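> These protein sequence lines map, in sequence, to chains A and V. In this text, residue positions in the first sequence follow the numbering used here: the first is 1, and each later residue adds one. In this text, residue positions in the second sequence follow the numbering used here: the first is 1, and each later residue adds one.
Rather than coming from a laboratory, the hints here were simulated on the basis of the structure. Here the structure is a predicted model, which means the values were calculated and not measured. Ideal Cβ placement from N, Cα and C applies to all residues, glycine included. Check before you lean on any hint, since a few could be wrong.
[Said to hold, decoys possible] Computed list of chain V residues with no C-beta within reach of chain A, every gap over 10 Å:
1) VAL18
2) LEU25
3) ALA133
4) GLU191
[Unchecked claim] With the C-beta cut set under 7 Å, the calculated list includes, among others, these residues of chain A facing chain V:
5) ARG81
6) THR110
7) GLU114
8) TYR252
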Amino acid sequence: MDNLVEVDNMTFSRGDRLIYENVSLKVPKGKITAVMGPSGIGKTTLLKLIGGQLTPQQGDIRFDGESLVNMSRRRLYAIRRRMSMLFQSGALFTDMTVFDNVAFPLREHTRLSEDIIATIVALKLQAVGLRGAAKMTPSELSGGMARRAALARSIALDPDLIMYDEPFAGQDPISMGVLVKLIRALNDALNLTSIVVTHDVSEVLTIADYIYILADKRVIGEGTSEQIRNSDSELVQQFLKGQADGPVPFHYTAPPLEESLFGGQS
Amino acid sequence: MNSIAAIGASTLSRLAAVGRAGLMLFGALLAVPRLKNVPLTVKQLYVVGVQSLLIIMVSGLFIGMVMALQGYTILIDYGAEASLGPMVALSLLRELGPVVTALLFAGRAGSALTAEIGLMKATEQLSSLEMMAVDPLRRIVAPRFWAGMIAMPMLALIFSAIGILGGHMVGVDWLGVDAGSYWSVMQSTVEWDKDVVNGIIKSLVFALVVTWIAIFKGYDSVPTSEGISKATTQTVVFSSLAVLGLDFVLTALMFGIE
């Protein structure tokens, strides 16, 4: 089994709105797989589907060969201990210190003594460079630090899979560089598998082993950084180069301007 | 035709919300209780119970004082001011204690519960709990629910007790009703099972309704600032109306038919 996560012909809609149609993707073990796409196409939704928080209408999602669709709640919770997710906001518990946040999964899921927990937490915080911030509360952290603290929490139980939801959004260049380095370093040092969902093209092209580009409810391009850069799809090129107009139109669908301004008179 | 369809659609969505509320409550209550969650419940008990004490006690004092004042001016015309004690005690134990406590609780603690859980949802804390394989129903909802169920009857009893003291202050100390008759007629009139127990039962029912509405509104809120503000308002409005409506039903069942 080379793929940790496999999404197979998955269709998902929310209410009447179709979000994904027959999407298939594979996340190989030990690699960083990036999922890119314009805002608002449901990249976070994809992570929630892989995390089993949402269920697709059709198709299958497998984690380590086991289908998550129609899985019992108990089994799903057991599987979730092997995956973790870094939310865009960090989602730290605001009523706890950084230390307690990182210790939280350990206290919930293990019977380790407080001494050992303190050691593990210190090591995890050291890995993200925040050991000095253990006593601070989330409100005292900057955005970049909050995300790193959340990252320490998500590796607390040594998961097999980490899903990053827009890890670079709204970060200054330094925090961005730190996060890029951390994602790569953690992936290789802890033998993790990573899924990075983002629309920051240049960062992703430097760290991702394999890239999927989603748009218009489906996968419009996939490949290594090199293959994506040389893609001949107009849509992919528009996305990579950040062109204002192209297959994704600048104007949201509307009747012609003349008609709106002058009614039917012209 | 469209208006009929709209009525149908809104009815269906309301029924679906009731269903979700029921599932949430069952999910929270049927979860296997764990020793780890006891400290969480105690913490919530402090937040919803102890921190509501001040408003409950001050309100109870003033309501008792007002009742004694109003009651005295009416009873004195019939020379029945000796009945002031039972009048104050019965109104408080049967009605005002449970009802006003529930209304104040909805405003003081219920709205806070909704806003807190709504914000947890908006900041993805609930999702992240789920992703950490921790059931938010068990970790967040259940302790708050039990804290409300335990705190409200106790608050209602404290409210009634303080109210009776307030009535004593105005009726006996100020207006000169005989202290002995205030207490002794009260003792001989108030019945344990009919008045005190029925008041506690009312309070338990209100606790269930108010806490349930507050938690569900937060849990089911649209995770935006607008959605949370709407959910908080709805908590106070819905639970107040539910308390007043249920109070009538319960009163009719308990005291209406002899």
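> Among the hints numbered above, which are violated by the structure, and what are their numbers in rising order?
3, 6, 7 and 8
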